[in-house]
Amino acid sequence: MIKQSPKEFPLRTVDIIVYPGFKALEAIGAMKVFDYANTHLRLRNLPGGYDVRIVSTAIGPVESDTLMSLHASKALDASRLPDLAVIVGCHHVEQVLQDIPALAAWVAEAAPRIDTLAALCTGCFFLAEAGVLDGKSAATHWSAVDSLRQRYPLIQVNADAIFVREGKFWTSAGVTAGIDLALALVEDDFSRDIALEVARDLVVYLKRPGGQSQFSVHLSSQMTTHPTIRQLQGWIMEHLAEELTVPLLAARLAMSERNFTRVFQRETGTSPTEFIDTARFEVARRLLEDNVSSLKQVAVQAGLHTEERLRRLFQKKLAITPRDYRERFSSTAR
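Counting from 666, one number per residue, gives the positions in the sequence shown under my numbering.
Hints in this document: simulated from the structure, not taken from any laboratory.
A hint or two may mislead.
[To be verified] List of simulated lysine-lysine pairs, BS3-like, C-alpha gap at most 27 Å:
no.	residue 1	residue 2
1	Lys801	Lys833
2	Lys982	Lys961
3	Lys961	Lys981
4	Lys739	Lys697
5	Lys982	Lys833
6	Lys833	Lys739
[What the hints assert, rightly or not] With beta-carbon atoms standing in for the labels, derived distance ranges:
no.	residue 1	residue 2	range
7	Thr938	Glu992	28 to 36 Å
8	Glu908	Asp955	48 to 56 Å
9	Thr678	Thr971	48 to 56 Å
10	Glu992	Gln966	16 to 24 Å
Glycine included, every Cβ here is placed at the ideal spot set by N, Cα and C.
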């Protein structure tokens, strides 16, 4: 549902802040989210949207971590602030902090007056250096978690969050998590419906609210507006390691098994059992990619309990064994 009347929809100015060596995928991902949001607002004949600009310490081309460059049409200026600023991450952020102190200095000057300030991946280091995250929770790329904790001990680093919102400050985990943060901004600025349409366009999941697990859930599980079913989905995601059955879930909602299954299928497009299987599969997949747990430990943490159940689930979803998946996609295999 649209949460605001059309006349209340804002036109938000957005500065995507880049610098030499920035992560191109993060910048482009966020830009496309805002671009698609504009498209869907126009399709619905709704006002508002995002006016996006590329910003750096100086006007001109800025090289990324790829062969691509972006042209900065505006230089950082704390006297002319956008509604939303998004600072992109990089691979060697501590070196950038040293080489370009103007970035953290701009954050320190802009933070008290800007409406919303977001940092993708290691971009949170610029907020941390400016001191605006002291006493607050923050997310970052998993590989930078220890560095962030050691360098800025006053920050509560959430190592497992997709993104974290602390008032006007938003921080995200690595790379594609920036898309999740941008989708959440769209939902916050406009509506869940618009954010969901953008997620469909990008063929990504619309993840759960920030501060939750980094594990994604199937897009269809996010499509219900039924408050009781949505609340139950959140409870399921927090109790995947437990034995979850249709009778148990139906009892939680004080419904008969038959009626519960019918309502869940109608609201989400999938059965309760399939939703649980998909959620457990995605948890197991991420654990395998992290490559720090044995197959038995992965099975237990995902609520599958045995390696055989884990194997059957991966064969069903991907026609591949968990061991083969780990060999192909784990962080040490890349």
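Worksheet item: Has the given pair, Lys833 with Lys739, been kept, meaning a C-alpha gap of at most 27 Å?
Response: Holds. Lys833 to Lys739 sits at ~23 Å (cutoff 27 Å).
Worksheet item: For the pair supplied as a hint, Lys961 and Lys981, is the alpha-carbon distance within the 27 Å limit?
Response: holds, 18 Å
Worksheet item: Does the Cβ-Cβ separation between Glu992 and Gln966 fall within 16 to 24 Å?
Response: Since Glu992 and Gln966 have Cβ atoms about 20 Å apart, the given range 16 to 24 Å holds.
Item to complete: State, for the Cβ atoms of Glu908 and Asp955, whether the hinted interval 48 to 56 Å holds or is violated.
Response: violated, 24 Å
Worksheet item: Is it true that the CA of Lys982 sits at most 27 Å from the CA of Lys961?
Response: holds, 19 Å
Worksheet item: Should the hint that Thr938 and Glu992 are 28 to 36 Å apart at their CB atoms be regarded as holding?
Response: Check passed, 29 Å falls within 28 to 36 Å.
Practice prompt. Would you mind confirming whether the straight-line C-alpha gap from Lys982 to Lys833 stays at or under 27 Å?
Written response: Violated - the C-alpha atoms of Lys833 and Lys982 are around 39 Å apart, more than 27 Å.
Practice prompt. Quickly compare the C-alpha distance for Lys739 and Lys697 to 27 Å and report which way the hint goes.
Written response: holds, 19 Å
Discussion item. Looking only at beta-carbon atoms, does the pair Thr678, Thr971 fall within the given range of 48 to 56 Å?
Written reply: holds, 54 Å
Discussion item. For Lys801 and Lys833, compute the direct alpha-carbon distance and say whether it is at most 27 Å.
Written reply: holds, 11 Å
Checked against the numbered hints above, the structure violates hints 5, 8; every other hint is satisfied.
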